[in-house]
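2 protein chains.
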Amino acid sequence: MHIEIITIGDEILNGKTLNTNFTYIANLLKKNGYIVNQGLTISDGKKEIETHIKESFERSNLIIVTGGLGPTIDDNTKKYVSQLFDIELEINEDVLKFLKEKFKNLSSIEDQSTYPKSSILLKNEIGSAFGFIIEKNNKSIMFLPGVPEELTNMFEKHAMEYIKKTFVLEKKFFQKKMNIILKEEVEINDFLKPLSTKDIILGIYPNHEIVNITISTYAKNESEANLKIDPIKKIIEEKFKSYTFENSSMEAEIHKLFLDGNKTLSFAESCSGGALSCKITAVAGSSKYFLGSFITYSNELKKNILKVKASTLNEFGAVSLQTVKEMLFGCIDLTNSSYSIAISGVAGPAGGTKDKPVGTVCIAIGDKKDFFLKEFHFQGNRNVIVKRAVSTALGILIRKIKFNKYYEL
Amino acid sequence: MHIEIITIGDEILNGKTLNTNFTYIANLLKKNGYIVNQGLTISDGKKEIETHIKESFERSNLIIVTGGLGPTIDDNTKKYVSQLFDIELEINEDVLKFLKEKFKNLSSIEDQSTYPKSSILLKNEIGSAFGFIIEKNNKSIMFLPGVPEELTNMFEKHAMEYIKKTFVLEKKFFQKKMNIILKEEVEINDFLKPLSTKDIILGIYPNHEIVNITISTYAKNESEANLKIDPIKKIIEEKFKSYTFENSSMEAEIHKLFLDGNKTLSFAESCSGGALSCKITAVAGSSKYFLGSFITYSNELKKNILKVKASTLNEFGAVSLQTVKEMLFGCIDLTNSSYSIAISGVAGPAGGTKDKPVGTVCIAIGDKKDFFLKEFHFQGNRNVIVKRAVSTALGILIRKIKFNKYYEL
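Top line first, the protein sequences correspond to chains A and B.
Basically our numbering = 1-based index in the first sequence + 483.
Basically our numbering = 1-based index in the second sequence + 483.
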């Protein structure tokens, strides 16, 4: 089974937009056992589209083409493809009726109802551009709209079903994931290196103080896959014991831990500027345990809201263990939550001093009786420093709740 | 000038990671007048790497290959490439010395100091994997490490200079950008369609309540480009007058407006969960005008901190014009800032009711004397609803400050 994804769009090629569609499709295919062999991004010119679809068609069983189906001025895919495969375009009356009911007077409604004759249509539940599939020589070329919300909805609800039905795999791709927090990549890598075999693919992806590990294999079914993957997974777990968690992300792990433990959470943020809250509230249902966050960017708010003493700020500065401790206590007083986190640091690029250079971040975690307090020094630009601070804080919180251990160096 | 980017990495192909490196490189090239013609993502197998670099070398003047240079188990690019071009690998003594001083006992230090003979090295100021360039037949192949922080630093500081010096363009790509807020894509598209010419490329990119417009052309120099672009830009500006801004993002525009106007800003967030603050604090120097945000996810905090009346919450609910108005006033009382924004809504997927379905978001903006209050209904998933709410609120704030106009439907 050979799968290629072709992304059409000058906005990707000229660096305006990230290719999130590719990642979404590849990830959902992987979850269903399919691996994408190649990805190609090209401009929406006639020659490019024709040449590359033709070449890809020689190599592939399934081609997924994204982009170029909308009503805007730079969308031409449908026209070029009908010429390339010599299939007439015709108005699909069902689509025409559906679009007329949904969008009333949209000027491009006839264009948007026109598809290559006898292609299989994929319903667009959000926008006006339906997807379509051309089948030829036991191969399939699938065309999807480029707007991410439309594409993801269409792919999940209609396209994936088609692929599973049409391309039944003898051996599927299976993967298990683990995360290791607060450990160096080098240490993890040195340990994992000898565990890799012909049949087991190990992936190591450092991601701002977390290292994501993937253990993958091809197998006929899940139980065969488990037989291969689980022994390796156990070895890694035993080595890194209280530094591991299995959920796909820290926020998902925290979600589980707080729901299971019936605990509540609140934050006092300064340099992280809402990034900590954002991560937690991105998870649906987080309102069950997350009470809120005080983003006290100014010293005035640190004093007025969190009751950080003026003398503390004067003597030790806003980025200090003393200040984050008072921020933590203030946050607990205001929310009465089971756990709180306070973060204050110098995210840069300005604001660094000799004593507290850019990257200095003080973190306090816990409750009034049992709390963790530490000054960290993170590398990277403003955005990376904030990410590292957030990951470190959440990693320490996970360890505390799961293993009743704070972070030791 | 034909440029291709080849991304090596299973983590991109299997949908684990977004290809941010591609977007970064393509964007910086564009700013220097170069347009990427094609992007290819392949796995790190020997055959794939060899075949595709060879094919790409036939078509291109410059190939940029990212990934596969690090010390981890799945990095092999360097080895395959030296075989492909029949160039010996040798230890570079300068790199060896540099890495020994920087990383002391790193186990892979000899591996990381080994490069194809007489290739041009690109210094890695963050990690251990240097980049390198192989020149052959007046063509260049550049190899960069896959870790985004290392790649961006290396590309900006060393690689871009090499490209500008080596490939001098007769005609460069020039682009101007505009943003239109709070207008429908269809209306914008219908107006822009007739403005497109052979020489002027118009791009329209809807992006959660903002529509980004690009006006591009190829020209010998900037003044020639301006002669072509500016008349078109003026026509668009005149049509959409008080709905346009020029900065690359809303947060950049707000940064400018607040610094210029010597104003201060604060937020009271509920469903946006810190996303509003995050956007603003991502801009370096935002602490000069951004005071902070109260993320009152729980009703208790809405009452205790923002002084929303219990009777208001009981009678109208947390998602209501009455509640956001009191959140706004509470926020102003606590911060005394020039402008505040309050947001409360149902981001979903749960929590919707018949009266207030998922996507209902109430927004209040302004100060106590002059404020805007409106209930919106956004489409999309949790993440998209939050993005739309944030963009809408910031768009309205920009219009208010720039044109002294709130949003009219």
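Treat the hints with care, since some could be wrong.
Which copy is meant is left open, because identical chains are indistinguishable; a pair holds if it fits in one copy or across any two.
[To be verified] Straight-line C-alpha distance at most 20 Å; calculated SDA-like pairs for lysine to any residue:
#	residue 1	residue 2
1	Lys852	Tyr507
2	Lys870	Glu584
3	Lys724	Glu584
4	Lys681	Leu511
5	Lys771	Thr836
6	Lys786	Thr597
7	Lys499	Glu632
8	Lys655	Gly528
9	Lys660	Asn690
10	Lys561	Glu584
11	Lys529	Ser679
12	Lys655	His485
13	Lys647	Met484
14	Lys716	Asp527
15	Lys606	Ile715
16	Lys583	Glu670
17	Lys870	Glu734
18	Lys660	Glu734
19	Lys739	Leu604
By construction, these hints were calculated from the structure, which means they are not laboratory data.
In this text, all values refer to a predicted model and were calculated from it rather than measured experimentally.
Checked hints:
In this assembly of identical chains, Lys852 and Tyr507 lie within 20 Å of each other by CA distance neither inside one copy nor across copies; the values are 44 Å within and 46 Å between. Within a single copy, Lys870 and Glu584 get their C-alpha atoms no closer than 46 Å, and across copies no closer than 28 Å, so neither meets the 20 Å cut-off. In this assembly of identical chains, Lys724 and Glu584 lie within 20 Å of each other by CA distance neither inside one copy nor across copies; the values are 58 Å within and 33 Å between. For a Cα distance limit of 20 Å, the shortest separation of Lys681 from Leu511 qualifies neither inside one copy, at 25 Å, nor across copies, at 39 Å.
Taking identical chains as interchangeable, the C-alpha atoms of Lys771 and Thr836 lie at most 20 Å apart only when they sit on different chains, with a minimum of 18 Å there against 41 Å within one chain. In the homo-oligomer, the alpha carbons of Lys786 and Thr597 never lie at most 20 Å apart, since the shortest distance is 63 Å inside one protomer and 55 Å across protomers. Taking the shortest alpha-carbon separations for Lys499 and Glu632, both the intra-copy value of 18 Å and the inter-copy value of 19 Å come in at or below 20 Å. Only between protomers do Lys655 and Gly528 lie at most 20 Å apart by alpha-carbon distance; the minimum there is 19 Å, versus 36 Å within a single protomer.
Taking CA atoms no more than 20 Å apart as the test, Lys660 paired with Asn690 passes inside one copy only; the shortest distance there is 14 Å, against 32 Å between copies. For a Cα distance limit of 20 Å, the shortest separation of Lys561 from Glu584 qualifies neither inside one copy, at 23 Å, nor across copies, at 58 Å. In this assembly of identical chains, the alpha carbons of Lys529 and Ser679 lie at most 20 Å apart only when taken from different copies (17 Å versus 45 Å within one copy). Proximity of Lys655 to His485 under the C-alpha cut-off of 20 Å is restricted to the intra-copy arrangement: shortest distance 13 Å within a copy versus 38 Å between copies.
When the C-alpha separation of Lys647 and Met484 is checked against a cutoff of 20 Å, the pair qualifies only within one copy, where the shortest distance is 12 Å, while the shortest distance between copies is 42 Å. In this homomeric assembly, Lys716 and Asp527 never come within 20 Å of each other (Cα to Cα): the closest approach is 45 Å inside a single copy and 23 Å across copies. Neither within a single protomer nor between protomers do Lys606 and Ile715 lie at most 20 Å apart by alpha-carbon distance, with minima of 42 Å and 37 Å respectively. In this homomeric assembly, Lys583 and Glu670 come within 20 Å of each other (Cα to Cα) only across copies, at 18 Å, whereas the closest approach inside a single copy is 61 Å.
Within a single copy, Lys870 and Glu734 get their C-alpha atoms as close as 13 Å, and across copies as close as 19 Å, so both meet the 20 Å cut-off. Proximity of Lys660 and Glu734 under a CA criterion of 20 Å is satisfied intra-copy only: 15 Å inside one chain copy versus 36 Å between copies. In this assembly of identical chains, Lys739 and Leu604 lie within 20 Å of each other by CA distance neither inside one copy nor across copies; the values are 39 Å within and 47 Å between.
Checked against the numbered hints above, the structure violates hints 1, 2, 3, 4, 6, 10, 14, 15, 19; every other hint is satisfied.
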